[in-house]
Amino acid sequence: MDNLFHLNCYKIVYHHYYYYHCYFRLIAYKMPKVDSLGALYAQGLQLFTLNSKAANAWAKIATAINVRDQALEKTLRPYYAAVNDADTLKIWYDSSTVSIPDCALSPSKGVIMGKQGNFFMMQHSVSGFPPKDAYNWPTTDEAVNNAQMVICMSLAESTLKSIVEGLQYETPLVYLKHLPDAFKVAPFTDLIEGKLPAKQTTTMATVFKTKPVTPAEQATFTLYTVKGKSKKNLFSQLLAPVMRSPLTTWTKTTQEKYCQGPFSVLPLSGKIDITSGVDVVPITREKDSSRWLITNLDSKPVWCFTNTDFTKERIPCGALCMENADVYALFKTAAATGTLAQC
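In the working numbering, the protein residues as written are 5 to 347.
Incorrect hints may have been included.
[What the hints assert, rightly or not] Using 25 Å as the maximum straight-line C-alpha spacing, the simulated BS3-like pairs for lysine-lysine come out as follows: (1) K291 with K256; (2) K37 with K64; (3) K78 with K37.
[What the hints assert, rightly or not] Computed beta-carbon distance windows for the label pairs: (4) T144 with K275: 19 to 25 Å; (5) S273 with K236: 22 to 28 Å; (6) G265 with L344: 17 to 23 Å; (7) V246 with A202: 21 to 27 Å; (8) K233 with A46: 41 to 47 Å; (9) D39 with A202: 50 to 56 Å.
No lab work stands behind these hints: they were computed from the structure.
The structure displayed is predicted, hence computed values, not measured ones.
All residues carry an ideal CB built from backbone N, CA and C; glycine is no exception.
Produce the entire structure from the sequences given, and follow the hints as far as they go.
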């Protein structure tokens, strides 16, 4: 049956709904709702962005995140202009609205879409985004009141296969899919059917480059993914050893810390400040749905986006990482305003 697929320990029926180019590498940080700051802040719709042309400072966007003509809407506009386009690859995944007893689900949320050589991948923290039929920002309390993050990058078609193979390790819950004929092959079919990769390894590191407008804007990312049956912790047993650096984490769970061996993993708590020009926005851990981490070595300036909390629980999960001095410096500055656990 076309509308039934298997995801390891369960079956789930989903509605089969029927995209192109994130024209630059983009990190979008929606600020939490802050009544005292007025304007878009008070509506929970203020957006700060970094892009490949200007990654050394947060840009305050004058347009609300829920309307036209800002970066997220422009990226998704071709999809909404032709929702049922049979030539567009569509893979949307998010398990946040599903609960299956005795089945650990990947917390990853994201989109892979495109056609005719123009593709993009988007990973994000907000449930219910993007909507299926017309662009908007979700109106749930969490989407509006909390800070949220979206990271988007343009991709060449040649990179899709390796990225999808990496995502298979997480077995993300694909809730919207359409595969044009050219993509009705493994690993694309395996991903939407929830099949684990045949490889016996339990972790995967997928290195890929973005498709830039100019060569200077190209970025290199690494997608780290972990199978659910793996006994490895994403943070302390994969990321820190691979990067050979202690880590500072900004995740929902702040009680855990890891102080064994040469590479500690220490959580931030309290609040952090995100600064754009004269605007300083305080974000408490409780009011931020995004999760990220940085290395603690300036000689290895890595920043990662993740939907995974630093806990002892073992679930299929992943992190999308980039080594970039400008992006690293901004998040390091923000981290310095928080409270860091100590070993």
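Looking at the structure, which of the earlier hints fail to hold?
none
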